[in-house]
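Now for the letters of each chain:
Number of protein chains: 2
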Amino acid sequence: MSRIELYDTTLRDGMQGEGMSLSAGEKLRVAHRLDELGIDLIEAGFPSSNPKELELFGLLAHETFSHAQLAAFGMTRRRGAQAKEDPALRVLADCVAPVCTIVGKTWSLHLEKVVKVSREENLAMIAESVEFLRAHGKRVIYDAEHFFDGYADDRDYALDCLHAAAAAGAETVVCCDTNGGTLPHVLGAAMADVTAALAASGCQIGIHTHDDAGCGVACALAGVLAGATHVQGTLNGYGERCGNANLVSIIPNLQLKLGHECITAEQLAALHSASAYVAELLNLPPDPDAPYVGRNAFAHKGGLHVAGVSADPATFEHIAPELVGNRREVLVSELSGRGTVQSRAREAGIELDDEAAARLIERVKDLEHQGYHFEAADGSFELLMRRETGTLEELFTLESWRVIVERRPDGQLVTEATIKIWIDGERFVRTAEGNGPVNALDRALREALSAIHPHLADIDLVNFKVRILDETKGTDAVTRVLLDASDGDREWGSIGVSENVIESSWEALVDSLQYGMELSRAPRRETGRDSSVGLPDRP
Amino acid sequence: MSRIELYDTTLRDGMQGEGMSLSAGEKLRVAHRLDELGIDLIEAGFPSSNPKELELFGLLAHETFSHAQLAAFGMTRRRGAQAKEDPALRVLADCVAPVCTIVGKTWSLHLEKVVKVSREENLAMIAESVEFLRAHGKRVIYDAEHFFDGYADDRDYALDCLHAAAAAGAETVVCCDTNGGTLPHVLGAAMADVTAALAASGCQIGIHTHDDAGCGVACALAGVLAGATHVQGTLNGYGERCGNANLVSIIPNLQLKLGHECITAEQLAALHSASAYVAELLNLPPDPDAPYVGRNAFAHKGGLHVAGVSADPATFEHIAPELVGNRREVLVSELSGRGTVQSRAREAGIELDDEAAARLIERVKDLEHQGYHFEAADGSFELLMRRETGTLEELFTLESWRVIVERRPDGQLVTEATIKIWIDGERFVRTAEGNGPVNALDRALREALSAIHPHLADIDLVNFKVRILDETKGTDAVTRVLLDASDGDREWGSIGVSENVIESSWEALVDSLQYGMELSRAPRRETGRDSSVGLPDRP
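Sequence order for the protein chains is A and B. Numbering (the numbering used here) for the first sequence: 1110 to 1648. Numbering (the numbering used here) for the second sequence: 1110 to 1648.
Please keep in mind that the hints were generated in silico from the structure rather than gathered at the bench. One or more of the hints may lead you astray.
Said to hold, decoys possible - Quick partial rundown of chain A residues pointing at chain B, CB under 7 Å, derived from the structure: (1) Ala1177; (2) Leu1179; (3) His1219; (4) Ala1586.
Said to hold, decoys possible - Here are the computed distance ranges between Cβ atoms for each label pair: (5) Arg1264(B) - Pro1207(A): 42 to 52 Å; (6) Ala1374(A) - Gly1134(B): 48 to 58 Å; (7) Ile1561(A) - Ser1629(B): 55 to 65 Å; (8) Val1523(B) - Arg1630(A): 54 to 64 Å; (9) Ala1308(A) - Glu1471(B): 30 to 40 Å; (10) Ala1298(B) - Leu1163(A): 27 to 37 Å; (11) Pro1196(A) - Thr1373(B): 14 to 24 Å; (12) Ile1561(A) - Leu1501(B): 27 to 37 Å.
Here a beta-carbon is modelled for each residue, glycine too, at the ideal position from N, C-alpha and C.
Work out the full structure, taking the sequences as your base and the hints as a guide.
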């Protein structure tokens, strides 16, 4: 099996996505994470005079990577000039990266309508740019932009472009589906033609795809099946429009399904945390449904699935989740049986005999009928188990609370919450303002609790969702509030349900803090949810 | 080109996704939307004794669809019993749907470890179940569960299962990649074998895939390329784990790239709104990076792209976005084209010259930046136009409002709202209780207004949605409230945005009533909303 070279462009093409932004220091951390993951080539961007890029290449000059090589990205020379006089190519030639990737045109439509360059001049631009960088000791990768559109339009000219790069000394030529609309079978047929046509050149063939037809991953695989041995993509498929081909899906597909050994088994087991890490740095929520690494990727609902997986995981799982560092998730729902509940109790260290499990299932059914939904509220579910088994020490006893939201005649909006609670026989009355009713309640409650439980200051509410359960009842509808909280290390969910949105928020809020306290009492225990989400620094 | 039959299972398999939930009424609305989109078969679920499913099938009994046929879903008969004695098959035979889809086993691993049925008995279960439903006049679709795993394990037995269904009268046999781990090239090769093996039976071949390897869409296409003429999937790829094959990507791929005419050009142009509609009903944010229909799918960054697209859209776009009802992102917002705004104004009977239109566009951009979103808030948008052109007669002038929500020591929850407003120089102070803060505000406001505007009594708030715009900010996040109101005849939407959920609800509430009054002044005018968004009773 030939070795497939993995080329990551998260730091360059990935950053073209909407709202993507990383500081130079953060990019450096991503680069190290990619290196640890076993990525062969890390494209860092163009070492231009832009201060952020300059800073990054400045930082990179002092870094060592255990395996990865650094690639700088640029374009073929300008038309009608000499390569050595092109300032951008000069920057590439002088930069710290041993590898230079240059992109150039392949498609007449672009030559005519965008860059206004003749077909002959374009071939010269490709050849001379590659030669120039080779002469400066760089390994050169040639990215053939819009290759598949060009190929469909004029096969021979598209191949001429690749030949020009190969003859000039490019070690790798990469066929790029820049607009992302080529389907896998069409792409695969073109790639088979390319690999045959370039076989004599000894040049490595690469593939670079996008997800505009929802086939970015499949197109990358189709390229490999047709002979490509270099694959470009980004972590989590970040990138402009619909994103680049997602390396987090491509790597396990290559490794576990196509038998290519790209990275070690240990590195593959770090895939999940690498994916979560980058999402975290970008302040993007990890996609719960992501193939291989999503929280739901190995989630089982329903008793039959759970029973099947217990008999043999292969019955309902296409791979063992541990191979990519993920884990099986058993979702608690109306449909779940006693086994599910007992296995969740065991994980939480709660003794649950058959009778208690049966009682708990009845209770869950009852609550789900009212609108509760424990799938995403692992914290509340564990508290429920503890309450049902009498093993929960409540954080406080509630006397009352009150929220006032007032829009004053001068247009000012004032929100004030007062809580009255008892802790260990002592009464606490606290009032706080907030920018909304839940925020004010949160502040008032923490003010009362934090004297006794300073650990609460570490708990942040990171996510707040409101769902109206029977929307068609208008303002009479039942509201379900889901809160996600984090102590910087672990993350958990809680839930509240009521006709009154303030009451449901209060309920979720209290569970959130209560469960945070439970975790702090058993400090190293994992939450019921995916273990490494939100842990940027975990190995 | 053979016609490809589109089979949607959003209402059944799609509902297996984490946190998915729709009421029976909402499911009915989705079914009508699917029908309008040109979907051939709509799987509604199992017509069981579960109250929610019973309600849905009860509702469906009175519906007519312009094109789609309804499918009910069930399983093959239980082992060792007769089909006619199987209560679940009886339910299917008696239900309103003309089509029954039954799922059965194909893979020995499942026969041995999950259902504990012999290979011969499994074949009998398939054949007798199909025969039973055929004898009751149903068109039968046979879903071969785990087909590709079974095929890899024992090709001949997997084919025997399909032959058993076909020989018993199944019109369609569907090869399901239930665990979702099969790659497109492997799946395509198996499907080619299947279509050859079943050619003589005259049975239609279908394909049902999942996204666990990130190839759900590509696998569905691979099935079609190998001869399948029936494709199962869900809107937006909803479904358990990583989701089902996404029909919203599959349909344009089939139609625009493979040349199959599945739906009309008009229906294809409604793809974007159908996708957004279902996301909205589920209260899930639409995926901005979704292929074809995502907000970013045709977004252009950088001058070169924009210049290229101006010269020829094909330079940077794989299809014309209008074909699927999407648009190029150079237009910042849905409404930012002057032509769009002026045509909306004309519909509402508002004079809008070029200068006023330009000013309005700036205002909309500004509001959208704050989190407003007028697509579903046609009422608020028209009020905005009237306010900008000085043609709105405000219903009242606000002095102040106040909401108190109190949880008392006896556990009682009391919600009280007071409003102080001016109407025609007269001051009204009203207090009302409610089951939640918005309900109380609504009652207090109506009490003040209804003396002067008795028509308000006819306006119901039928739909109330809260979305947190930056969920990761916890309780500090901005909330967007969408309200749908109806006067029993027409329906309209309004919006409010604020850090404070009570303030955003108030804003939406006031717009809701104000727009209802506007309509009552021009009684027979249609609302500006997309004719089928949120209108349960419209054909």
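For each hint, the structure was consulted:
1. For Ala1177(A), the shortest C-beta to C-beta distance to chain B is roughly 23 Å, which exceeds 7 Å, and the interface hint is violated.
2. Proximity of Leu1179(A) to chain B is violated relative to the hint, the smallest CB-CB distance being about 24 Å (cut-off 7 Å).
3. Hint status for His1219(A) relative to chain B: holds, with the closest Cβ pair at about 6 Å, below 7 Å.
4. With its C-beta approaching chain B no nearer than about 6 Å, Ala1586(A) sits inside the 7 Å limit, and its interface hint holds.
5. Between Arg1264(B) and Pro1207(A) the beta carbon distance is about 49 Å. The supplied range of 42 to 52 Å therefore holds.
6. The hinted range of 48 to 58 Å is satisfied by Ala1374(A) and Gly1134(B), whose Cβ atoms lie roughly 50 Å apart.
7. About 58 Å separates the C-beta atoms of Ile1561(A) and Ser1629(B), a value consistent with the hinted range of 55 to 65 Å.
8. The given range of 54 to 64 Å is broken by Val1523(B) and Arg1630(A), whose C-beta atoms sit roughly 35 Å from each other.
9. A hinted range of 30 to 40 Å for the beta carbons of Ala1308(A) and Glu1471(B) is inconsistent with their spacing of about 59 Å.
10. Roughly 51 Å separates the CB atoms of Ala1298(B) and Leu1163(A), a value that falls outside the hinted 27 to 37 Å.
11. Hint check: Pro1196(A) to Thr1373(B), Cβ distance near 54 Å, so the stated range 14 to 24 Å is violated.
12. Distance hint for Ile1561(A) and Leu1501(B): a CB-CB separation of about 54 Å, inconsistent with the stated range 27 to 37 Å.
The earlier numbered hints that this structure contradicts are 1, 2, 8, 9, 10, 11, 12.
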